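6 protein chains.
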Amino acid sequence: MSLTPEAIKTLSRVSTATITTVLLKKGLRNVWMRGSRPLRPGQPRLVGPAFTLRFVPAREDLATPESWSSPISTRTAIEAMPEGCIAVVDAVGVTDAGIFGDILCARMAKRGVAALVTDGVVRDLEGVLGTGLPVWCDGFAAPPSVAGLTFVGWGEPIGCGGVAVFPNDIIVADQDGAVVIPQAFLDLILAEGAEQERMEAWIVEQVNSGAVLPGLYPMISPVRGRPAGRRKSILRARSGRIRSSQPRRRRELPRTGYPLSPARARIGIRIRWAKRSTSSPA
Amino acid sequence: MSLTPEAIKTLSRVSTATITTVLLKKGLRNVWMRGSRPLRPGQPRLVGPAFTLRFVPAREDLATPESWSSPISTRTAIEAMPEGCIAVVDAVGVTDAGIFGDILCARMAKRGVAALVTDGVVRDLEGVLGTGLPVWCDGFAAPPSVAGLTFVGWGEPIGCGGVAVFPNDIIVADQDGAVVIPQAFLDLILAEGAEQERMEAWIVEQVNSGAVLPGLYPMISPVRGRPAGRRKSILRARSGRIRSSQPRRRRELPRTGYPLSPARARIGIRIRWAKRSTSSPA
Amino acid sequence: MSLTPEAIKTLSRVSTATITTVLLKKGLRNVWMRGSRPLRPGQPRLVGPAFTLRFVPAREDLATPESWSSPISTRTAIEAMPEGCIAVVDAVGVTDAGIFGDILCARMAKRGVAALVTDGVVRDLEGVLGTGLPVWCDGFAAPPSVAGLTFVGWGEPIGCGGVAVFPNDIIVADQDGAVVIPQAFLDLILAEGAEQERMEAWIVEQVNSGAVLPGLYPMISPVRGRPAGRRKSILRARSGRIRSSQPRRRRELPRTGYPLSPARARIGIRIRWAKRSTSSPA
Amino acid sequence: MSLTPEAIKTLSRVSTATITTVLLKKGLRNVWMRGSRPLRPGQPRLVGPAFTLRFVPAREDLATPESWSSPISTRTAIEAMPEGCIAVVDAVGVTDAGIFGDILCARMAKRGVAALVTDGVVRDLEGVLGTGLPVWCDGFAAPPSVAGLTFVGWGEPIGCGGVAVFPNDIIVADQDGAVVIPQAFLDLILAEGAEQERMEAWIVEQVNSGAVLPGLYPMISPVRGRPAGRRKSILRARSGRIRSSQPRRRRELPRTGYPLSPARARIGIRIRWAKRSTSSPA
Amino acid sequence: MSLTPEAIKTLSRVSTATITTVLLKKGLRNVWMRGSRPLRPGQPRLVGPAFTLRFVPAREDLATPESWSSPISTRTAIEAMPEGCIAVVDAVGVTDAGIFGDILCARMAKRGVAALVTDGVVRDLEGVLGTGLPVWCDGFAAPPSVAGLTFVGWGEPIGCGGVAVFPNDIIVADQDGAVVIPQAFLDLILAEGAEQERMEAWIVEQVNSGAVLPGLYPMISPVRGRPAGRRKSILRARSGRIRSSQPRRRRELPRTGYPLSPARARIGIRIRWAKRSTSSPA
Amino acid sequence: MSLTPEAIKTLSRVSTATITTVLLKKGLRNVWMRGSRPLRPGQPRLVGPAFTLRFVPAREDLATPESWSSPISTRTAIEAMPEGCIAVVDAVGVTDAGIFGDILCARMAKRGVAALVTDGVVRDLEGVLGTGLPVWCDGFAAPPSVAGLTFVGWGEPIGCGGVAVFPNDIIVADQDGAVVIPQAFLDLILAEGAEQERMEAWIVEQVNSGAVLPGLYPMISPVRGRPAGRRKSILRARSGRIRSSQPRRRRELPRTGYPLSPARARIGIRIRWAKRSTSSPA
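Chains as they are written, first to last, in the working numbering: chain A, 1 to 282; chain B, 1 to 282; chain C, 1 to 282; chain D, 1 to 282; chain E, 1 to 282; chain F, 1 to 282.
Each hint should be verified, as a subset may be incorrect.
You can't tell identical chains apart in this list, so a pair holds if it fits in one copy or across any two.
Only pairs whose alpha carbons sit at most 20 Å apart, straight line, appear in this in silico EDC-like list of lysine to aspartate or glutamate [as the list claims (entries may be wrong)]: (1) 9 with 197; (2) 9 with 195; (3) 26 with 66; (4) 110 with 205.
None of these hints come from the bench; they were simulated from the model.
Just so it is clear, the structure is predicted and the values come from calculations on it, not from any experiment.
This is chain A alone, in the form it adopts within the complex (with noise of 0.2 Å):
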């Protein structure tokens, strides 16, 4: 499925936390760019496809002012932007030279560029939260780009905050950071997604009337099919059980050699606990 006004309403509801969550079930544990942090805090969750853009380090010949006239210079990349678009951009992990500064930033918001992610920093930091573009970044620094960069292209598969960002994945970006959803798990998080963020709520609602963890999240068998009000009493004669069981734990752990069966090594297993559990994570 490709990113329809429909997905992207969807997907405004799923947490990135949540995202992560579905992601490592099917073993994709690097999704999430570090560094990249939302500038204002409390910026709404924004969904959009990738427009990367890409930088190299500095070298004094390239990275010029003058280098904002060449045919490939981060103006041309702003003026391709498609509207709605997130600019993901690769700033090679520098965060003493800013990427974009308020001009840049206010032209993207003129275009109606979603988002700004990047593991680089801006400049200008009032006149960039001036032109009410969300930003997610690693802060903010006085230098210019050439300080640090020399700008090389945009449309290119890049890394950003140690992640892999090609063109048109689908970023979602919120209040614990951005992440990337390849498009070929676009159905997955949509299918999923809702749902998880619908059962979490309730755990949450459970531990708030006193429910205990064990049992609870991730949610047992027993519990997992059953209707709300049959659930409760499950939980609640677990609860018990467990407490009790508490001054037991000792005997039960074993300290040299965890009670890892062969089994639970092959892949086999973890594809099968992809499929059942959908219930979720720390």
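With chain A held as given, fit chains B, C, D, E and F onto it using these hints.
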């Protein structure tokens, strides 16, 4: 002395800055947990005995959603936490996987855990803040713990932010972060901490009235024992002398070879000032 | 020109982002102090001559509370600070020991020190904020300076955040951090900084009215000299051409071997744009 | 299968590079201990069960020479090591304090310990080399362990070089460093490791005879099952095609959006290649 | 001038240390690739045009053994390398996954690739050394590239060790590491490099005969133009003066405010010394 | 005592490992310079008074080849070095610009400088090795010092590898790196260092004869005063007891709450062992 309610009340009036100063005078320089900052600005100071949890790095066969149901899991650890404890979590420097999210923090709040302290990060930032559990951590990240960490146990000696923490060490956390008071040093802090705070408040007052620092902070012997009124006149006289002696500074400070008398290097001296000094540091 | 009150007034209207751009055009890329961020969001821009302080790492026989009373101490250094100066402190990258707390900051505020800039951290966060002294630093920590640092002097060349700072260099600090203007470059900044700010304000206005970036920022020669009205019509015509030429982009950009004419590599060219260019960077 | 002498003999012919490849095909990417390099170039490959030791950071009241006589000390841990084990030491990333010196290494050699593996460093470099104990570590440092570390126990799960190691996991160390084979994966490595080594030796031979890489490494299906003679003629024919198809490469590779079929993203496929693929990696 | 066999011969007599000095005089300070050291001590100096390869971080759905058979793979990249080129590989700072092992290096050696330069690491250390391919890298690791990296293409601008490298830039690698000569600067290095080497050899000779450094290195104007015999007598006279003036040093060096004339700060001056100076650096 | 030829002779028989142990017993844990390793394996131990040099980060207007001719330059600093000193250079953690090359090292060797110690790197690796000057450093790099560093003076307190070094402190460098002995501690090391070395040699001998570690190292009181023959029989008796008590270990070690008597935490005790203990560390 054990951590009685009265001791907790006393400690809640002693800042972590003061605690580190008093401990340093006894030779303990490494008691402040790096990376552990208040998640919500303005969190009040909290005090409690350490309940330790330990992670090691993730191995894909162990760090799975399935592991959340194992008898050694963060869930069972939380059910073992006593009311009033401070959970201290060794996340081995991993900041791209959240050790806990909103559900686990909600349960900790429900159980009366006083606070969560870690050198790692949390996830579901908004949800965690919503639980009201006070948290000191190194930020937030969307991925679940198993994306980067394997949970291995609780109630063990751990490292947190480069500091050794043992179960039942006393933890104090405030605006400046979180520190550990080894049990054997509790009486010392109870005895000297409050006095140190009083002294510093008086010094700030003097500074606000225009007193110069040398002789006042740390307080010189002719000042320290005196009543407040007498202190002022000594210091005022001294201020004059300091100002006029400024131009002679250069002559008195040979640049090569600090005037380090051999005696100063002996530890005996360090003890002497530990006893006589009640004033405090930068 | 020396740092007259008038110069300070002029500089207080030039952002650190603009200063770094103007200096970069003269070949200075390394003038922004890494790690030094405003302690309180929204601190206004401040300008002053650098008063340098220098720490080296802690050695337990030297870095003691006793050392606070030595003739070479942070206390005597503070008493030597002239009104209006900006204290710049080399903390050799140590962020787990606070260089100053509330008492020392209170004294600096009392003496009329304009600001404190460091690549280290402060302690007694709440107290420091209470003194009203504007601080740019890398965060906060509970331990005293002697837990990690030995103070060795003031009025010397230092490194701060990876930047060389000499006594009486001009420091400007604002939302984007703190930069150094070498004395020899003061006239340049006074001459070009304000003009640059005016130009950028005009560009932002154009962007907000829908102008495209290429040709506008940086401004191309046919535009730069013209009156504002004429500029617009040139740019509007140009915008059309840029949009229609987009599809041809690929053909013009050979991927192997950037069209770097040998001439461009010569420093002579860099000088030429340094002279003719009044527009500015990302 | 447990680690019999025969298993050790088999593993001593399988390189750590091959082991990491076979484990990666089962989803284990994190089994190589960062920082752990052979102390003496040319050390032969060694195999043994892990005997784990654990340090936490130093706290001055605990990490003292006195602690060397405590019942929980590196000394007693060494006396508990069984012959043939590989001691794996979690030094929590500390590289400025040597975990062991010549005396402790001499005792380990005397007890028949097969090797020492750590992400920390040793001290008394010359003496340690003199004991003949094979060591994989992150270098050397003069200070004793207590300058930076507190020893807390043995026989526990640890992290070493960013990898989780459990007691009795199998350790293999050679020129490329040290890897862990989880117990549940031992049979897999015994079954596939040797075959993989044979296959790679044959491929190197082909490369030395001038074969091109694509189709050969990893081996394509039409080649893999065949006898060596038949393989060559298929590959030779293929080489011609590859060379002539070079110029057409560009056309086949759309730059935006990798040709990632949704199917490829499913974990089921990963299993299929895990089963059918006997050829190997970069 | 392009990289003719004659140019290669000339460059093979110019050290990377000299090249960085000559380029720095033109304003290029960032041309040496961090982390890239000779894998085998004593490797001779090598020169060639850059053939670039690019990795991004691993994503588990892309970085698989299966990817080794894709049309965009390290295998196809190697088959596209021209004889005599130097392969420069951007491994985005990943040092826990080997970019190439013995098989790929063997194929590169077979194709006549001059050398491999990377900020990453190799695997199969022993095998790689056996292929005879000269390698500059940041060490070795057992895991395959796909454990940490996704290969995305070749013939593109890359970053390597913090330096921008474009296809066909000239690479020179020797005992001190690897540097890039931008194409536009080739003529400069050919013209000045050899002369610089001759001058330095003469200076070393003088030093070994007892000459003092000031005036000799860098050479002062009265010395530089003269025949070797005349140079010596000038320097000898000067040495006497320097020795006797030592005691007066302190007085001449004001500690606050370096004697930085405004003129020195202008870029024009930098050009002047670039032209007149033939002596060289530390 | 000052650093007489006799003292140098004595120190040249005391390893840096032993020095750090003796100093740690007096409370000094931070005397070993991180990053400073022998450039040539097998360099003999060297001893001398520190001659300090100081760099700050590069600023392009100051760090120029022109600066090499200034009155404050590495050249004039070298001419001020007395015979037999050890030059200790603060390179502020910069490892991508060589502080010295072959010419400067040749001059230092000519002047009789005993050794060069730095946390930075050298350049012209081959040439530097050719001068015969013993060097402890953090590797090598091609670029000149001015690519990353500005030289600011000599004869001042510095930091080197995270350690404070003052002019005329005593430096000892060997296979394990370089350590500083503060002047006030020289007599202590002269008195205890040699005895410690003798004791350790005897212990190694015992270990090679099969003695167990507990009780031997560190030596228990009943053993320490005795003649060598008597020591052995005590230890032999003890070894039997240790072996048979192994199985009971678990019971004696409560996991929560280390048996830390309050007394142990008092500094007084640390002094007592400092006086009575002559045996030594890990």
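Results for each hint:
{"no.": "1", "hint": "9 with 197", "in the structure": "within (14 Å within a copy, 41 Å between copies)"}
{"no.": "2", "hint": "9 with 195", "in the structure": "within (15 Å within a copy, 46 Å between copies)"}
{"no.": "3", "hint": "26 with 66", "in the structure": "between (47 Å within a copy, 13 Å between copies)"}
{"no.": "4", "hint": "110 with 205", "in the structure": "between (42 Å within a copy, 12 Å between copies)"}
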